[in-house]
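J.: Here the protein sequences come in this chain order: Z and R.
If you read the first sequence in the working numbering, its first letter stands for residue 10, the second for the next number, and so on.
If you read the second sequence in the working numbering, its first letter stands for residue 10, the second for the next number, and so on.
Treat the hints loosely; a few may be bogus.
Identical copies go unnamed one by one, so any copy, or any two together, can satisfy a pair.
To be verified - Lysine-lysine pairs mimicking DSS-like chemistry, simulated, CA-CA at most 30 Å apart:
#1 K261 / K336
#2 K261 / K32
#3 K240 / K77
#4 K26 / K233
#5 K68 / K233
#6 K243 / K11
#7 K261 / K26
#8 K272 / K233
#9 K61 / K290
#10 K72 / K114
To be clear, the hints were calculated from the coordinates, so they are not data collected in a lab.
There are 2 protein chains.
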Amino acid sequence: MKAAIMGYGTIGSGVAKVLETNKDILAERIGEPLELKYILDLRDFPGDPNEKCFVKDYKEIVKDKDVKIVVETMGGVEPAFTFVKAMLEAGKSVTTSNKALVADKGAELMQIAEKHNVNFVFEAAVGGGIPIIRTLTACLTGDVIEEIDAICNGTTNYMLTNMEQFGSDYAEILAEAQSLGYAEKDPTADVEGFDSCRKIAILTSLITGKNVDFNDIPTEGISKISATDFKYAKAMGRSIKLIARSVKVGDKYACRVAPYLVKPENMLYHVSGVMNAVSVKGNMLGESMYYGAGAGALPTASAVVGDMVFLAKNVDKYVKIGWTSEKYQLSDPTQEQFRYFVRATASQSNIENEFENVEYANLDLDDEVGFITSEMTEREFNERIAALGGIISVIRLA
Amino acid sequence: MKAAIMGYGTIGSGVAKVLETNKDILAERIGEPLELKYILDLRDFPGDPNEKCFVKDYKEIVKDKDVKIVVETMGGVEPAFTFVKAMLEAGKSVTTSNKALVADKGAELMQIAEKHNVNFVFEAAVGGGIPIIRTLTACLTGDVIEEIDAICNGTTNYMLTNMEQFGSDYAEILAEAQSLGYAEKDPTADVEGFDSCRKIAILTSLITGKNVDFNDIPTEGISKISATDFKYAKAMGRSIKLIARSVKVGDKYACRVAPYLVKPENMLYHVSGVMNAVSVKGNMLGESMYYGAGAGALPTASAVVGDMVFLAKNVDKYVKIGWTSEKYQLSDPTQEQFRYFVRATASQSNIENEFENVEYANLDLDDEVGFITSEMTEREFNERIAALGGIISVIRLA
């Protein structure tokens, strides 16, 4: 069984390493050796153990009929999309770790795969080493999925964990994360929640069978979370986690990415540092959770290689996942209900005038009051805080 | 697609309920309706919504060629084995929730399934609603599995959680669990670890591809755990969990079921009450964990129905899992290394004479001393405590 890797960065070279390290057990599982024949990369890697595999033109791989499995670990939508499409059209199955590609072009690539009787899979695109895609599409198939709550970005979870542990402020922790390589120079995609947004769009597409546009998902990141917010959280016995959430409201799913105040009774409270976890609630199963390394070269490569085993066992057999191009209309996010933690400069009497039944979270700060509202819709909440005024910050309760 | 259920107890009737509640989404996933045609049970269920399906002779199901999928939820090895074997030989795929059957006859039934080009699957037999079987056999296939640590018995985890929370002693909590229906009248299989033992034997068979005899696994239950042990645990900042463990030592796996002292940094520490979790370490993936309801009618039935979807999608196609009848020789358990927490009536000088580098866990009890040893093999530890004498109890550290 011959394979190719497109993109020899952190994950692509990790895939080569997993193939080499575990070659015996992989051959046993597949029934024949899984051999790396090509690596596509524009850069040179002199002295690399796979030096003989490098090519610079993807068409060399396209035209080699021996290659049945192609790994895409380039990242970004283009030229990854063009290359992956060409591979599928040439009768090769593809696995990718590229969530931007999957969120943007997943449904389309799945259709192309079906048409050519090959497979397009992407276990590594969400949750790194956590097998959440196959769990949703091949394991929890007896259930209607009622809710997914995912900590699916390692950078932000690392930052929040450290802010909590050391009482630091956002900017300080971001600088540290950047110096350690846990956050990128331009950290926008992670810290503003865009990465998590693409991932929950993919998961919601898989459970609805239709195409969720990530642009439709209200997305807040962690850049406004402060050391004071964590002081309040601690006083409430809670932690703050960036959660990508999809929840069935009536017969529709509502999606949202935002920081939430989480209780210790919720297993997500205990997910620290760069680890990720996806909590899934089924209508029969009840609660379940899948936990592991959400990023990192080897955990992500492990998921890619797991996909390669699947592809090798299903050569020339399209396995339906059920994700069509039809647009999925998400539920109106302003109808979602939450309890909210609010910091405001307003007086207690004004607060109680606007919100009945508040619980105060008292830090004895001079210039502000912290309180938790009763449960209400986003619409109603937004009207009330607009009327109250003097809002410093708002965090939803999970 | 026609199906039959053998055994209409808690889980069997749960399966019927899941099939009815989720029939639309199941039909969508399979591509046709999944219809329950027979229920085998010697009892009568007058007024049951599935009343027309009941039969008392399994041969009625065997001879009906329309039935492609059979669910076994009777429990016990016989007559379940005879019935399941007959179904497989008649060209029907089978899913079972029966860990006794799988631990005892799994490899044999898998061979029969292969011979007749049908499938024998058992997601619900380990971890109830946690999809750990498919995770090991179809997801984490890029890895060499280095360690599995499972809290896979809801009864004992419920009891330990309550002993911890209320400071109660074993006998008191057992009586309470029995009165609430969480423990059986004869609780031996649960509290002595035999149930967990069968489950880790199954998981280890799946990762080795050979047949692990559960009789080879050293098994301790929780019946010797006392309120005092939990006081020590609390003083050490730990909890006590019954863990079924399989770990690669050199090129062999060692298995053991025993109570362990677990730290909060270990996700298993946070698994409370009847919930179960399986922690899996891969050589590339690193740590991962799968958490959910380990028992209960609907979570278990959800796993059975997930299997039915798999079977429906793979009618007349044997999907190799890789579990042969060849006996797997486990590693010598006396060579496993642990740190041990020991309560003894010995003097500190005798303790320090026998064990260098001990850490004391001081509860200021009159008649005993608690201490933690450095890491050593079971063999060495057993020699030293025999020499020391006056041992009250021993719990390993995880």
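J.: List in ascending order the numbers of the hints, as given earlier, that are violated by the structure.
T.: Hints 3, 4, 5, 6, 9 not satisfied by this model.
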